[in-house]
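Engineer: If you want the building blocks of each chain, they are given just below.
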Amino acid sequence: MPTSDYDSACLPDLLPLYYRRLFPFSQYFRWLSYGGVSKNYFQNREFSFTLKDDIYVRYQSFSSQNELEKEMQKMVPYKIDIGAVYSHRPSQHNTVKSGTFQALEKELVFDIDMTDYDDVRRCCSAADICSKCWTLMTIAIRILDRALREDFGFHHLLWVYSGRRGVHCWVCDDAARKLSVAARSAVAEYLSLVKGGEETLRKVVLSDPIHPFISRSLSVVEHYFPQYAIVDQDILGNKESVDKVLALLPEDIKKDLIEYYQNHKEPMKRWDRLRQLVDHKKSSSKKGGQYYDKEIMLQYCYPRLDVNVSKGVNHLLKSPFSVHPKTGRISVPIDLKELDTFDPFEVPTISLICEELEKPRADEAEDEDVKDKENEQEAAERRRIRDYKRTSLAKYVKVLDRFLDSMARSRKGEMLKKSDLQKDF
Amino acid sequence: MQFSGRRKKLISSSQSDLYDHCLQFYGQPPLDNISLIEFETFAVERLKLLKTVENLGVSYVKTTDQYIKKLEAEFLSLNFPFRAEVDDRKVPGVTSEYEKRRKDHISHFILRLAYCQTEDLRRWFIQQEMDLFRYRFGILSSKHKTEFLHKNNLKYETVSAEEKKYLRDKLINSSYGLSGITLEEYDFYRVPFQDALDLVRTRKVYLLAGNAYIPQNEIVTIVLNDFRTRLSKALAVTARSLPAVQSDERLQPLLSHLSHAYVGQDYSIQKNVGKISLEQIDPLSGKSFPLCMRHLHKALRENHHLRHGGRMQYGLFLKGIGLTLEQAMQFWRSEFVKGKVDADKFDKAYAYSIRHMFGKEGKRTDYTPYSCMKVILSNPPSQGDYHGCPFRHSDPELLKQKLQSYKIAPGGINQILELVKGMHYQLACQKYFELTHSVEDAGFSLNHPNQYFTESQKLLGGGQGIKKEVEMSQKSQENPPSASRPSQANPKQAQEEMGDLDSFFQDE
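These protein sequence lines are chains A and B, in that order.
Residue numbering for the first sequence follows the numbering used here, beginning at 17 and increasing consecutively.
Residue numbering for the second sequence follows the numbering used here, beginning at -17 and increasing consecutively.
Since the hints were made in silico from the structure, they are not lab data.
Glycine included, each C-beta is placed from N, C-alpha and C at the ideal position.
Watch out, some of these pointers could steer you wrong.
Said to hold, decoys possible - Listed next, with one range per pair, are the computed distances between beta-carbon atoms: (1) Tyr158/B to Glu256/A: 35 to 43 Å; (2) Gln109/B to Asp436/A: 39 to 47 Å; (3) Ile274/A to Tyr148/B: 40 to 48 Å.
Chain A extracted, bound-state conformation (with noise of 0.2 Å):
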C-alpha cells in the first residue's frame, strides 16, 4: 500500500514543501476565478485558515493567484476551507458599513459523512473506514449525482475524496451558485430520504405514489444491496442484526420471520424470504404499498446528507488539495469514471507525495536554465508542474483539468449563444 508511514508530527515539515512545491495553485486559481466573468470573484471569496495550535483565522481573502501562494507559503495552514463570495473583500470586511458585507454566492455542496451511517454499519465505528462500508459513499455519490443532473439540471460537479470518512461535492454550475438559502434547503430535502434521530427505529417510510427519484435511487441501492449489505456487512448473519431489522418490520412479518431464522442460517436465503413475505403482504392487502423491504435497503444504504451544510450561502467546506490533518490524506476530487474502483486507502498522503518527490529522476533531463528571460514565478510554476507529475498526486489534478476544460467549453458555449442571439437584429 502507497502511504508511506504518515506521522502527525512532521506536518510543520511536510507542509511547506506541499505548499512550495506540489499544491496545484494555478488549477485551484482559475477553478476559482470561473473565466473571469464576473468582476473580482476570487479577489471576494473567503478562506478560513486553521493554523498550527489550532489557531483559526477567518476572512482571508487574495488578491491574485500570487497572492493567494505567497500567504499560503507563509501562514502555512494545516487546514484550509472555502467559504463564500462576497459584497466586499473579505479581509477587508470591518472597514465595510455595518450591514452591507454579505455573502453573494457560492457553490452547491454536500458533505457526506461516515459516522452518519454508525446506526447501520457494523464493520466500523466514528472515524473509522474500510472497504467494506466505502460502498456506502459509492452509493452516495451514484445516487446524488444523478439526481443533481438529471432531475435538478446542474452540469459541473466535483466530487472530493475528504481525506478521512467521507466525500463532499461541489456543485459549481452558475445557476447553483446563485441559489438561494431556502432553495438549498429545498434541494437538499429533496434528496433526503433518512430522516430521524436515535429514538426513531424506522427511518424511511415510503407510501404511494413511489416519486420517480426515489424509485430511480432504489434501483441503484438495490444493485449493490445483496454483495454490501447481505455479504460484507452481514445484516442478517448474527442475531443482534438480524434484531435490528426485524425491528423495522410489522409483527406478522416478524414472527414468522423469528421462526424460519431458527432452522435457516444462510444470510442470502433469510434476505429472500424477507422479500418474499413482504410481497406476499402486499399483494394480499388491501391498503395498498407497503414497502417494508425497500424501507429496509434504504435505511441501510440511502445517502445520509447534513442539511445544514448545503443549506448556507456563507458555510465553509474543506477546501479540495488540503491536507487532513489525522490521516495526511490529500482531499483529492475522485473521477467518478472509475468509482467502483475507487480506493480511500490508495488515496497518497501528504508524506508519501512528498517521498515521491525528493527521488532522483533517472528518466527526466534536467533543463534548469533553459530559458534565461522567464520570470520567476513562471519558473517555479514549471517546475512544480514537473514536481506534481512526478508523484501520486498527477492522476487527481487531471481530474481538475478535466473539470475545468469542461466548465470552459460551456462557457464558452453561454457566450457564442449569446452573441448569436445578439446579432439576431
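With chain A fixed as given, assemble chain B onto it according to the hints.
Structural biologist: Below, chain B alone, put in the same frame as chain A:
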C-alpha cells in the same frame, strides 16, 4: 396617493381596467383621491379581515370546508370582493363589485404603510395577505385562474401533449391524486425549480433538467411564491418612503393605531367586576381557567411567588375575569407573604406593579389581558418561569404528564399532543376545553384566555345554573321524609350548596 380634506373625487377611468378581475397582485398603487373617513374605514375593515384570516388559520386547517365557509362569511360582512363576476348593477344599499374591488386595492396599500416598519410587522402582514390570496385564488374557476396568470405575466410554458404522454408514468407518480385521466385533462406548466421550492422540498412534483412539472391545480403555490417575493420587496420600498407619510399629522396616529391593534374583544372592560370572590379562584382554576392560567395559579400557590412574566400574564387575566384592584392586592400579597416576602417588601416592590397593571400608576394605561397570540409569540419562558402557553412552551412529555395528572382521558391527551405537534396550540387548548367540559365542540374559536374563562362559565351556567340544580334537588328531597338535607330554598342555603358543588369540582 393624494390626501385631500374630506372631499370625494371621481375615479379616473384609466384605473377601471385594474378592477376587471376580482383578484390582483397589488402591483400598482391607487392613484385617486380619498377622504380621511374612507381611509380609516377601509384600513380598519381590511385589518379585521386579516385578523379573521389569522384566527381561522390557527383554528382550522386551511383547506377544510369550515375554514372556507367562515372566511366567506367574513368577506360578505365586511364587503370585500371574492367572486369572479363583475356584477355592477348599482343596487342602492348594496356595495357594487367594483367598489369592493376598489376597497380591496386601496385598503391593501394603506396597510402596507402601517405594517412595513419592522421585521415582525412585515412578516405578519405578508403571512395574512398570502393566506388571503391563497383562499381567493383557490376559489377561482380554472378559466379565471389562467386569465389571472396571463394578465400578470407569469409566463410559464405549458407542456405539450406529446411530452405529457412520454412522461406519463413519471408525472402520475410524482403528484398525489393524479390519475391518467386528469393527466390528459390538466394543463401542466414547466416552471424553473427555483420558483417551486415548496413542491420541490416535499418532493410533490416531477423534476427534469431543473424544471418542475406543475399541474394546473398546484399552480397556486407557485403564484404564492411570486406574490410573497413581490410583496416583500414592495414593503422594503415602502419602509423607505415612510417618513414622508408619517409627517402627515392626519395619518400618523391612524397608522400607529393600526399596527398595534388587536381587533376583537380585548377584555379591557371588565364586565363582571367584583363578581368573583377570592375564595372562588382555587376551584375556578381547575374548572374554568385555560391551562396556562391554571399552571400559573398552581405555581403561585406552591411557590408563593411568580416572576414578572408570570405576574403580568396571570395578573392581567385575573383583572379580565373581574378582580378589582383591592382584591388583586389582597390576593397577591397574601400569597407572597406566605413565601419569602414580608408585607413591607411586598408593599415596596410588588404593590406598585399591581397598581400599574390596573392603570393607577405611571402612564395610567389600563393594560389589557394578553391574547393567545401574545402569549404564544412573545416572551418565551426560561428556567424558573411559569408563563407562556403550555401547549407551545412545555416539553410534550411534561405536558402529557400534567394532563394525565388532571385526569384527562388518554385518547384525549393523544389528540392534544397531535395538535401540538402540528403547531395548532390554540386548537390544542380548545381540545383541552372540550375534554374538561365534556363537550364535543367548544362552540367558539379560541384566541384569548379570558374568552376561555367566559365561555367556560357560560357552559357551566355560572351561578344561575347551579342554583337551579340545587333547587331541583331540594324539591325532590322534600318528598322522602328521611331526606338528609333540610328543605329550605333560601339563597344562603343555595350559596352553601354551591360551595359543596365547588369542592366537588376541585381537583386537589
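Engineer: Check each numbered hint against the structure and report the violated ones by number, ascending.
Structural biologist: Of the numbered hints, all hold.
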